[in-house]
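Residue-level listing of the chains:
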Amino acid sequence: NAGVTQTPKFQVLKTGQSMTLQCAQDMNHEYMSWYRQDPGMGLRLIHYSVGAGITDQGEVPNGYNVSRSTTEDFPLRLLSAAPSQTSVYFCASSSQGFYYEQYFGPGTRLTVT
Amino acid sequence: EDQVTQSPEALRLQEGESSSLNCSYTVSGLRGLFWYRQDPGKGPEFLFTLYSAGEEKEKERLKATLTKKESFLHITAPKPEDSATYLCAVQAAAELTGANNLFFGTGTRLTVIP
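Protein chains in written order, with our numbering: chain A, 1 to 113; chain B, 1 to 114.
The set of hints was computed from the structure by calculation and includes no laboratory data. It is possible that part of the hints are untrue.
In silico DSSO-like cross-links for lysine-lysine, where the CA-CA straight-line distance does not exceed 30 Å [to be verified]: (1) B/K79 - A/K14; (2) B/K79 - B/K63; (3) B/K42 - B/K63; (4) A/K9 - B/K69; (5) B/K69 - B/K57; (6) B/K59 - B/K69.
Just so you know, these numbers come straight off a predicted model, no measurement behind them.
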């Protein structure tokens, strides 16, 4: 049981490039979410999903897209990277919802130059 | 404005020296308060959920308590392996359902010196 996995672990992008951060979980959790963590700020929710085919915006969705075609996978797409998107990104999953125990992945450290 | 504040930002303890971390909140109706542990370079790991004032939860050397304005994470006789950043998150009541009412604090970085 691998839990929540994220790839890549590190990524450097140039401004304007696009990329996809991958997230997968093998716990059959319906709820999945993406957060970003910046120095001096708490974790902030980007997008979330309550099941396959259902996604919605969180607190800071601008510049990011998501889709959920399967229960296991929840990729996060950066459409046109900007330096303000330099951050550490965490994917999380939960069996009961965001207001219960969440399992977090190891994170992706993204730098946009 | 809904807000979660953790103090202190950083705490250094000698091994065996007990202390407490604080999470104070000002939210519109508390639905739940969560504590997570985060090791450097890793994702947060769930510790506790508290739902109502007076509630307490324990796990090994950690004990979380909740009042109407704040939560404390008490660490008894800490060991070096307890060194980590401890995050607090608060779920507030919201007029509209959704996931935008979960607020994380910035954490307390705990270092336990052997």
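Verification of the hints:
1. B/K79 - A/K14: violated (43 Å)
2. B/K79 - B/K63: Given pair B/K79, B/K63 holds - Cα atoms ~15 Å apart, limit 30 Å.
3. B/K42 - B/K63: Given that 30 Å is the threshold and the Cα spacing comes to 23 Å, the pair holds.
4. A/K9 - B/K69: Judged against 30 Å, a Cα distance of about 38 Å means the pair is violated.
5. B/K69 - B/K57: holds (17 Å)
6. B/K59 - B/K69: holds (22 Å)
Hints 1 and 4 from the list above are not met by this structure, while the remaining hints are.
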